Amino acid sequence: MSVDVGGLRLRGPVLAASGTFGYGTEVPLLERRALGAMVSKGIFLREREGTPPPRIVETPSGMLNAIGLQGPGADVLVRDYAPKWATWDFPVLVNINGESPAEYGELAARLEGVPGIAGYEINISCPNVEQGGLYFGNDPRAAAAVTEAVRKRTRLPVWVKLTPMVGDIGVIARAVESAGADALCAINTLVGMSIDLNAYGPRLSFRTGGLSGPAIRPLAVSLAHQAARAVRIPVIGVGGIGRAEDALEFLVAGCAAVQVGTATFVNPTAIAEVHDGIASFLRSRGFASLADLPRYLPRD
Amino acid sequence: MFVIGVRAPEIATTVRAGQFVNLGWEQGPLLRRPFSVYRADGDLVEVILKAVGVGTSQLLGMRVGERISCLGPLGRGFEITGSRALLISGGLGVAPMPLAARDARAAGARVTWVHGARTAAELCTEADGDDVLWATDDGSRGFRGTAVAAAPDADLVLACGPNRMLAAVAGRWPDAQVAVETYMGCGTGVCLGCAVPLVRGGYDRACKEGPVYRAADVEWGALPAHLPYAATA
Numbered sequence: 000m001s002v003d004v005g006g007l008r009l010r011g012p013v014l015a016a017s018g019t020f021g022y023g024t025e026v027p028l029l030e031r032r033a034l035g036a037m038v039s040k041g042i043f044l045r046e047r048e049g050t051p052p053p054r055i056v057e058t059p060s061g062m063l064n065a066i067g068l069q070g071p072g073a074d075v076l077v078r079d080y081a082p083k084w085a086t087w088d089f090p091v092l093v094n095i096n097g098e099s100p101a102e103y104g105e106l107a108a109r110l111e112g113v114p115g116i117a118g119y120e121i122n123i124s125c126p127n128v129e130q131g132g133l134y135f136g137n138d139p140r141a142a143a144a145v146t147e148a149v150r151k152r153t154r155l156p157v158w159v160k161l162t163p164m165v166g167d168i169g170v171i172a173r174a175v176e177s178a179g180a181d182a183l184c185a186i187n188t189l190v191g192m193s194i195d196l197n198a199y200g201p202r203l204s205f206r207t208g209g210l211s212g213p214a215i216r217p218l219a220v221s222l223a224h225q226a227a228r229a230v231r232i233p234v235i236g237v238g239g240i241g242r243a244e245d246a247l248e249f250l251v252a253g254c255a256a257v258q259v260g261t262a263t264f265v266n267p268t269a270i271a272e273v274h275d276g277i278a279s280f281l282r283s284r285g286f287a288s289l290a291d292l293p294r295y296l297p298r299d
Numbered sequence: 000m001f002v003i004g005v006r007a008p009e010i011a012t013t014v015r016a017g018q019f020v021n022l023g024w025e026q027g028p029l030l031r032r033p034f035s036v037y038r039a040d041g042d043l044v045e046v047i048l049k050a051v052g053v054g055t056s057q058l059l060g061m062r063v064g065e066r067i068s069c070l071g072p073l074g075r076g077f078e079i080t081g082s083r084a085l086l087i088s089g090g091l092g093v094a095p096m097p098l099a100a101r102d103a104r105a106a107g108a109r110v111t112w113v114h115g116a117r118t119a120a121e122l123c124t125e126a127d128g129d130d131v132l133w134a135t136d137d138g139s140r141g142f143r144g145t146a147v148a149a150a151p152d153a154d155l156v157l158a159c160g161p162n163r164m165l166a167a168v169a170g171r172w173p174d175a176q177v178a179v180e181t182y183m184g185c186g187t188g189v190c191l192g193c194a195v196p197l198v199r200g201g202y203d204r205a206c207k208e209g210p211v212y213r214a215a216d217v218e219w220g221a222l223p224a225h226l227p228y229a230a231t232a
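Chains as they are written, first to last, in numbering that gives the first Met the number 0: chain G, 0 to 299; chain Z, 0 to 232.
Extracted from the complex, chain G is given alone in its bound form (with noise of 0.2 Å):
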């Protein structure tokens, strides 16, 4: 089950994503066997407080959220959680954020030879935030920019985390690509609102926020595809995987691996049952290794 996904060798094809795994201390009973990589929760430079709440609700077959980063920024990052990545047998690469291409530079620069830190996923494409984010996501030349100032910075892998929320996403993804990506995470949430009847207003104190869940998934794989479809780099598969079922859609539709996020806040276990549950699928179809799993890629 082992794959080779944008400069790092992964034991298993299944991720944490960002952002609903913390640093990966807060649970201990979370079974990290299975665990291909973790992206840590998004982090600034600076410490950030986050938006107010209510910051999260349920809405149909997903949830909105708009914590807005809340985190410690790096020097806390390195002081207090990197010691402890160093000595797990998995890789942990940082989520990185920025009000401005120098800014995720500056971020890679600061975490770079650290040990415990085995790449970057920069986000361009978090709608919880003033500055930065979203922004920068949407806009080719804005995406490349970003990707350039960190690929400037490191060693490590750099791995760019896409918006859905543009009208072509092979568009952003070449961008990125020529800007020096090892690969691309496919998608972050949608923006969303959800309206309080009885306050005649937004439900989240941030008006809107990232939709996630299974309600955004036939949608986060056809991006994943046209994204996978655009460049040669490696795109990996995020958005309302629960199931090994789910996981398979994006490996078919040409991801190299995939990335389980809500659906650990329902079940801390997701991770290690979608792993097993695809290394039963090659199993009982008769597949050697998950190279052998046909891909429906055609090239554009």
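Simulated from the structure, these hints should not be mistaken for laboratory data.
Here the structure is a predicted model, which means the values were calculated and not measured.
Idealized CB from N, CA, C, for every residue including glycine.
Any given hint might turn out to be false.
To be verified - Here are the simulated DMTMM-like pairs of lysine to aspartate or glutamate, each with C-alpha atoms no more than 25 Å apart in a straight line:
hint : chain 1 : residue 1 : chain 2 : residue 2
1    : Z       : 207       : G       : 79
2    : Z       : 207       : G       : 74
3    : G       : 83        : G       : 25
4    : G       : 83        : G       : 46
5    : Z       : 49        : Z       : 127
6    : Z       : 207       : G       : 25
7    : G       : 151       : G       : 111
8    : Z       : 207       : G       : 48
9    : G       : 151       : G       : 46
10   : Z       : 207       : G       : 98
11   : Z       : 207       : G       : 30
12   : Z       : 207       : Z       : 78
13   : G       : 83        : Z       : 203
14   : Z       : 49        : G       : 195
15   : G       : 83        : Z       : 208
What the hints assert, rightly or not - DEER-style ranges, computed between Cβ atoms:
hint : chain 1 : residue 1 : chain 2 : residue 2 : range
16   : Z       : 67        : G       : 278       : 21 to 31 Å
17   : G       : 197       : Z       : 130       : 36 to 46 Å
18   : Z       : 63        : G       : 278       : 34 to 44 Å
19   : Z       : 224       : G       : 287       : 57 to 67 Å
20   : Z       : 201       : G       : 32        : 43 to 53 Å
21   : Z       : 197       : G       : 192       : 26 to 36 Å
22   : G       : 30        : Z       : 106       : 36 to 46 Å
Knowing the structure of chain G, use the given hints to seat chain Z on it.
Then chain Z, alone, in the frame of chain G:
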């Protein structure tokens, strides 16, 4: 109000007053639903609920023997010490109090329990202590007014109810321990959805550092005064 029991021996024997369980079930809503543990007896964990939405209606429609996923015990419960304990609960805030009364008695404290609701019909009549006081907004049983106004003085104050009630508790007893209500995503500390605003600035997590807080530490003005449960239930 209804009480349902879940056979969960490991949780039943270790749960402390103020801690909660996160319930999930087949065909249920996407996210689990958090409930304070109401009672723990033998290998049974009990929670108390009202039918406020689809999720809770599904729970109440279950038959004996059906399976449910019960994650817990979660969060940080009450710290119970001292010789006199005052329990204040409003509405469904009654949830953590039977365990709080149990633990306070076990610690040798005399327990006074003040329970309030809008009307006598909405009171949870299972409240139990050395002294029990009732309060209703309409005066249909006991004190006419809030449970906070009806309460005598005490050194150890434990409270649970709508956040606006807990804000009143904070005004009278800054050192009271209060169990707050928030929307919750994972219940395990990773999603940061259950943010509680703090007076010292910033937020922490009701599911991890809470749900029990020192009353004066919470920035009540920035916490929704009352959760419309039906929105997500």
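Review point. Out of the numbered hints, which ones does the structure contradict?
Key: 10 and 20
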